[in-house]
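> Sequential numbering from 1 applies to the sequence shown in our numbering.
Hints listed in this document are in silico derivations from the structure and should not be mistaken for laboratory results. Treat the hints with care, since some could be wrong.
[Stated by the list, open to error] Taking CB as the label site, the calculated pair distances span:
#1 F195 with G356: 41 to 49 Å
#2 P573 with K594: 16 to 24 Å
#3 E169 with S18: 30 to 38 Å
#4 A464 with F116: 34 to 42 Å
#5 T338 with T153: 45 to 53 Å
#6 E169 with T562: 42 to 50 Å
#7 P573 with S527: 36 to 44 Å
#8 T338 with I172: 37 to 45 Å
#9 G254 with R421: 43 to 51 Å
#10 T153 with D514: 34 to 42 Å
Keep in mind the model is a prediction, meaning the values are calculated, not measured. For each residue, glycine too, the CB sits at the ideal point set by N, CA and C.
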Amino acid sequence: MNAHGSMRSHGAGTIRASDDGQEVVLAGWVARRRDHGGVAFLDLRDRSGVCQVVADPTAGEALQAVHDVRNEYVVRVTGTVRTRPEGQANEKLATGEVEVFASAVEVLSAADTPPFPIEDGIETDEGVRLTHRYVDLRRDELATRIRARAQVTSIMRRVMERHGFLDIETPILTRSTPEGARDFLVPSRLQPRSFYALPQSPQLFKQLLMVSGFERYYQIARCFRDEDLRADRQPEFTQLDVEASFVDEEDIYGVCEELMVELWNDVLGQELAVPFPRMAYEESMRRFGSDKPDLRYAMELVDLDAVLADTGVGVFKGVLDGGGSVVAVCLPGGGELTRKEFDGWIDFAKKRGAKGLAWGVVEADGALRSPLSKFMSEGEIAGILEACDASEGDAIFFGAGETQFARELMGALRVALAHDRGMVPEGEWRFVWVTDWPMFEWDEDAKRWDALHHPFTAPAAEAADTFADDPGPALARAYDLALNGTELGGGSMRIHDRAMQEKVFELLGISKEDAEERFGFLLRGLSYGAPPHGGIAFGLDRIVMLMTGATSLRDVIPFPKTQSGGDPMTEAPAGIDTEQLTDLGLRILPPPVKG
Numbered sequence: 001m002n003a004h005g006s007m008r009s010h011g012a013g014t015i016r017a018s019d020d021g022q023e024v025v026l027a028g029w030v031a032r033r034r035d036h037g038g039v040a041f042l043d044l045r046d047r048s049g050v051c052q053v054v055a056d057p058t059a060g061e062a063l064q065a066v067h068d069v070r071n072e073y074v075v076r077v078t079g080t081v082r083t084r085p086e087g088q089a090n091e092k093l094a095t096g097e098v099e100v101f102a103s104a105v106e107v108l109s110a111a112d113t114p115p116f117p118i119e120d121g122i123e124t125d126e127g128v129r130l131t132h133r134y135v136d137l138r139r140d141e142l143a144t145r146i147r148a149r150a151q152v153t154s155i156m157r158r159v160m161e162r163h164g165f166l167d168i169e170t171p172i173l174t175r176s177t178p179e180g181a182r183d184f185l186v187p188s189r190l191q192p193r194s195f196y197a198l199p200q201s202p203q204l205f206k207q208l209l210m211v212s213g214f215e216r217y218y219q220i221a222r223c224f225r226d227e228d229l230r231a232d233r234q235p236e237f238t239q240l241d242v243e244a245s246f247v248d249e250e251d252i253y254g255v256c257e258e259l260m261v262e263l264w265n266d267v268l269g270q271e272l273a274v275p276f277p278r279m280a281y282e283e284s285m286r287r288f289g290s291d292k293p294d295l296r297y298a299m300e301l302v303d304l305d306a307v308l309a310d311t312g313v314g315v316f317k318g319v320l321d322g323g324g325s326v327v328a329v330c331l332p333g334g335g336e337l338t339r340k341e342f343d344g345w346i347d348f349a350k351k352r353g354a355k356g357l358a359w360g361v362v363e364a365d366g367a368l369r370s371p372l373s374k375f376m377s378e379g380e381i382a383g384i385l386e387a388c389d390a391s392e393g394d395a396i397f398f399g400a401g402e403t404q405f406a407r408e409l410m411g412a413l414r415v416a417l418a419h420d421r422g423m424v425p426e427g428e429w430r431f432v433w434v435t436d437w438p439m440f441e442w443d444e445d446a447k448r449w450d451a452l453h454h455p456f457t458a459p460a461a462e463a464a465d466t467f468a469d470d471p472g473p474a475l476a477r478a479y480d481l482a483l484n485g486t487e488l489g490g491g492s493m494r495i496h497d498r499a500m501q502e503k504v505f506e507l508l509g510i511s512k513e514d515a516e517e518r519f520g521f522l523l524r525g526l527s528y529g530a531p532p533h534g535g536i537a538f539g540l541d542r543i544v545m546l547m548t549g550a551t552s553l554r555d556v557i558p559f560p561k562t563q564s565g566g567d568p569m570t571e572a573p574a575g576i577d578t579e580q581l582t583d584l585g586l587r588i589l590p591p592p593v594k595g
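With the hints as extra help, turn the sequences into a complete structure.
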């Protein structure tokens, strides 16, 4: 079979002037039909592109057949390639110098009128497009992204296999994980009242593959998470999952950077400079208020704790006395903002849990026009302007509160201001490794420690003997790769010692019995000679979304779910009949009575 199948000789988009005079057989969809004074034209579309087909009165039955077809009919055309007449070439098409003069046209499949035009940039409701996704995917902007996705996975396999990684599948039906509330559950018919869980990650299986001695594993893995959805979340998603033995962080960085260089070069024709910069988590939070900093623009956060140490601004003084921080962001040219716009940014802060947001505008004489300036000394104002490197006409925003909260608030404001003011440069790719993560974070509501990455992450060498007694300062051997303010993937070196793993479980409030119940298979595996190992997982959907300029994951997934987790095309999720429920030993409870 040739590359285009036995029903055709060429792809519609592959015809060129060098084929002039050649007889060809094409098959595809009618993108458009036009009639001009007894001559009929078809734009024939297949995966390779579009080619113009012509039939005039000398074409006999072929002309009548062209008259009978409608948009989106599937047809087979036999004809001769000829160069288009002088001045009639279409520079917008790769096949624009030629056309195919039809000698025979066969209708392979008729088509109803599509529910929306098959063209880019349509305004059709997304629900209608998702209901008819098979039609939506014919549009070039979507089809191009799906083809790019296939190219990305092909390159991923090529790079991983070049480095000796084995493609190994791990189970889809497994057991509930530490984040059990987010698991999708599957009832077992053969073991009534028992449930499988769909994996949120192959994490434990890939670690056990290292215990098994395979040393280098990768998988383009399907993962599932039952959580509230946003534009960058789907209940089922795909990740490039990687694990390796006898490696350290530098080994992981090197392979991942090579992968990104190859992806960007082969898919986008863009050259990336390596190595990517590294930034400790603490520095990233202090400078950008984010663990996935966007380095394409400046506007770094400014800590004003020292400048305002003796301030008379009551709200700032109260925060600083309570151990919190005052954090500023300077917006170049922000003095142009109207009072209404400043009020809008105050609302932005309040929606993120802040009590408010202070602001000021730098005047020509170095004064600060602000509702707070009357409470500030000249020295404080001068110190603020110096710390913020602020000039006449700039605006300064002030956020105050618990240090982490204030940083995250102002980090979010920084990003929103940059996008709102058109300060984000196009076509820049700014990768950064965020390293030296805290091993644990304190959950104030639950009054317990949580693992910041996951509980299988190894402590940094200096914390290996102290993390159990002093969890707060303990750093982990964890790392994330961020790009333009988006997390592409995260990973770590893993705990390969059973006693240390049990100590982490204990610190996290997981009892020995519970640890045995949920992770006994891992703990036993670590008892039989586990090598030092580590890995990373990249969100494939997210990588393709960024590379193709899409604004939603739904635009790079062939058959995505909506933000409510539904599929308008298949109408999943759906109810099941009583017989199936009985077979599984299940029953559906009536909805709770309101009031």
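> Evaluate each hint against the coordinates.
Here is what the structure says about each hint:
Range check, F195 to G356: Cβ separation about 47 Å, and the 41 to 49 Å hint holds. The hinted range of 16 to 24 Å is satisfied by P573 and K594, whose Cβ atoms lie roughly 23 Å apart. At roughly 45 Å, the beta carbons of E169 and S18 sit outside the given window of 30 to 38 Å. Remark: the range hint 34 to 42 Å for A464 to F116 is contradicted by a beta-carbon distance near 59 Å.
The hinted range of 45 to 53 Å is satisfied by T338 and T153, whose Cβ atoms lie roughly 48 Å apart. Roughly 29 Å separates the CB atoms of E169 and T562, a value that falls outside the hinted 42 to 50 Å. For the pair P573 and S527, the beta carbons lie near 41 Å from each other, so the given range of 36 to 44 Å is met. A hinted range of 37 to 45 Å for the beta carbons of T338 and I172 is inconsistent with their spacing of about 54 Å.
Range check, G254 to R421: about 38 Å between beta-carbon atoms, so the 43 to 51 Å window is missed. Distance hint check: the CB atoms of T153 and D514 are about 38 Å apart, consistent with the given range 34 to 42 Å.
The structure fails hints 3, 4, 6, 8 and 9 (numbered hints given earlier, in ascending order).
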